[in-house]
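**Q** So you can see what is in the structure, the chains are spelled out below.
2 protein chains.
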Amino acid sequence: MDKRLQSFISEKAPLIDAEMNRLIDTEKAPSSLKESMLYSVNAGGKRIRPLLVLAVLADFGKDSADALKVACAAELIHTYSLIHDDLPSMDDDDFRRGKPTNHRVFGEATAVLAGDALQTRAFGILASLEHAKPDQVIRLVALLADASGANGMVGGQVLDMEGETAALSLKELEEVHLHKTGALLSFCIEAGAILSDAEDAELDQLRKYAKNIGLAFQIKDDILDVTSTTEQLGKTANSDAASDKSTYPSLLGLEGAQQQLEKYHLDATASLDFLKKENSMLKLFADYIVQRDV
Amino acid sequence: MDKRLQSFISEKAPLIDAEMNRLIDTEKAPSSLKESMLYSVNAGGKRIRPLLVLAVLADFGKDSADALKVACAAELIHTYSLIHDDLPSMDDDDFRRGKPTNHRVFGEATAVLAGDALQTRAFGILASLEHAKPDQVIRLVALLADASGANGMVGGQVLDMEGETAALSLKELEEVHLHKTGALLSFCIEAGAILSDAEDAELDQLRKYAKNIGLAFQIKDDILDVTSTTEQLGKTANSDAASDKSTYPSLLGLEGAQQQLEKYHLDATASLDFLKKENSMLKLFADYIVQRDV
Numbered sequence: 001m002d003k004r005l006q007s008f009i010s011e012k013a014p015l016i017d018a019e020m021n022r023l024i025d026t027e028k029a030p031s032s033l034k035e036s037m038l039y040s041v042n043a044g045g046k047r048i049r050p051l052l053v054l055a056v057l058a059d060f061g062k063d064s065a066d067a068l069k070v071a072c073a074a075e076l077i078h079t080y081s082l083i084h085d086d087l088p089s090m091d092d093d094d095f096r097r098g099k100p101t102n103h104r105v106f107g108e109a110t111a112v113l114a115g116d117a118l119q120t121r122a123f124g125i126l127a128s129l130e131h132a133k134p135d136q137v138i139r140l141v142a143l144l145a146d147a148s149g150a151n152g153m154v155g156g157q158v159l160d161m162e163g164e165t166a167a168l169s170l171k172e173l174e175e176v177h178l179h180k181t182g183a184l185l186s187f188c189i190e191a192g193a194i195l196s197d198a199e200d201a202e203l204d205q206l207r208k209y210a211k212n213i214g215l216a217f218q219i220k221d222d223i224l225d226v227t228s229t230t231e232q233l234g235k236t237a238n239s240d241a242a243s244d245k246s247t248y249p250s251l252l253g254l255e256g257a258q259q260q261l262e263k264y265h266l267d268a269t270a271s272l273d274f275l276k277k278e279n280s281m282l283k284l285f286a287d288y289i290v291q292r293d294v
Numbered sequence: 001m002d003k004r005l006q007s008f009i010s011e012k013a014p015l016i017d018a019e020m021n022r023l024i025d026t027e028k029a030p031s032s033l034k035e036s037m038l039y040s041v042n043a044g045g046k047r048i049r050p051l052l053v054l055a056v057l058a059d060f061g062k063d064s065a066d067a068l069k070v071a072c073a074a075e076l077i078h079t080y081s082l083i084h085d086d087l088p089s090m091d092d093d094d095f096r097r098g099k100p101t102n103h104r105v106f107g108e109a110t111a112v113l114a115g116d117a118l119q120t121r122a123f124g125i126l127a128s129l130e131h132a133k134p135d136q137v138i139r140l141v142a143l144l145a146d147a148s149g150a151n152g153m154v155g156g157q158v159l160d161m162e163g164e165t166a167a168l169s170l171k172e173l174e175e176v177h178l179h180k181t182g183a184l185l186s187f188c189i190e191a192g193a194i195l196s197d198a199e200d201a202e203l204d205q206l207r208k209y210a211k212n213i214g215l216a217f218q219i220k221d222d223i224l225d226v227t228s229t230t231e232q233l234g235k236t237a238n239s240d241a242a243s244d245k246s247t248y249p250s251l252l253g254l255e256g257a258q259q260q261l262e263k264y265h266l267d268a269t270a271s272l273d274f275l276k277k278e279n280s281m282l283k284l285f286a287d288y289i290v291q292r293d294v
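Chains as they are written, first to last, in this note's numbering: chain A, 1 to 294; chain B, 1 to 294.
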């Protein structure tokens, strides 16, 4: 990983972790529920979504006390979605990132409710921003709802489930990922841009960037699933092939998937030209997403 | 039921139903997900929460195009909570209001996701209000998050689950209900007051009203569970006694529970004195909650 990105992550990730814990811990809630919410919040993860929010602000040379909160809100939505995706009725996963999944530790009922409450908390956090203009806050709430609901992440999860029993075309596979993971990543980029008072033309470019890194992220995940061991991934490797699921490698072959990944990467970085920086933080993130081992 | 309340409900309930359907139907979403969301939205219900929002506006002599949307947002939160409460890992109910529960029709995975997406939609709806002032919108989002999350409805569900395996005191039972059902009812009253530009002192009185009708609503439910047949209720009667659950009748006896109900009713209606109306819509609602048969 690039040294500048590494130092950015080393600086920001602990702030994100501390703030997420604070935002849950200060809620009045039954202790079992809070424990379950915090378990998944602290179960690791690369924090890519919140880091992207902060990366946008860094590239615009802006700073905002609200940015950290918005970053955390996005990560709480991601966390809730993982808890629900892992449930026995969905992916039925016992482990995530090498740790027992939420329902394995707290039981299914509490896992459902912890996910529910994490989603609610995310919206509550947006409503508690202290520096953003009211219009910006409302825009963020609307964007997060759109990105995470039936027309975004949750809809993508449904498409993904339905895709498990059908052979998908490349276009259909893209649709799944644009919704399931892309929408929330796009929220992160767009939210960062809103908090940076970006202009509309800049926002358009950043949306393209977000779309392309979202697809790059997924194709890289698919490639890693084929090329890594279970130990390297912290989750079962080759699970896609085992389940006959449509993936980029299954549709394009490993080499074709790699080429497609490079195309998304090129398109993503080209959208950053307007920043007029050779190594913007967003560029370094795009590089990392393509080059990562896990 | 009082004729004035009846005519209010006959006028407003169809508007609520139509608007909820419109608000879901206009979302771009996989058709199976939308179908599952709409199934539960249209599975009946007394629409008490959205009607209360509109009743507050009626008592203040106000009208707001946003009120119907806020009313629907509250009902979507209620609907999502019912879908998740009915899941096999929670209450494991096969029927609600005489119809098969969501997961019995669409499967557990889709039921979880439909609930998730209904919650998201509620917040999205608040962010789309067109007439409320931005500060009011943000206040509504903050209030709904507080009322429905870990410190509100979801927390109450956890307390309720934990209470099933322990004998509760009267105070603990009240805590369960203040969270599980009271918080969202309070949101409805407070939201109506905000949209009516109520003064702080009026808001205080309305919060007392909301708290008391919330508890009255629950105690009446407990009493009906003992005194009604399964057919009358549209759900299994005497289920509380069968499960050894702490209820108002089990703690106070049926007569004691009835007295407590009357006390809540009196306290609720006393909080409405400031309206200086003998038969405000909120008063008629309090009467109805106490006198209803189902």
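Worth flagging that the hints you see were computed from the coordinates, not collected in a lab. Careful: at least some of the hints might be erroneous.
Since the list gives no way to pick one copy over another, a pair counts as held whenever it fits inside one copy or between any two copies.
To be verified - Taking lysine to any residue and the SDA-like style, the derived pairs with C-alpha atoms no more than 20 Å apart in a straight line are: (1) K133 with Q205; (2) K3 with T247; (3) K133 with A166; (4) K28 with E162; (5) K28 with E174; (6) K28 with L143; (7) K133 with L143; (8) K99 with Q291; (9) K28 with G163; (10) K3 with R104; (11) K276 with S239; (12) K34 with M90; (13) K34 with M161; (14) K28 with G61; (15) K171 with S31; (16) K34 with E172; (17) K62 with L272; (18) K34 with K99; (19) K28 with E175.
**Q** Identify every previously stated hint that the structure contradicts and give their numbers, smallest first.
**A** 1, 2, 3, 8, 10, 11 and 14
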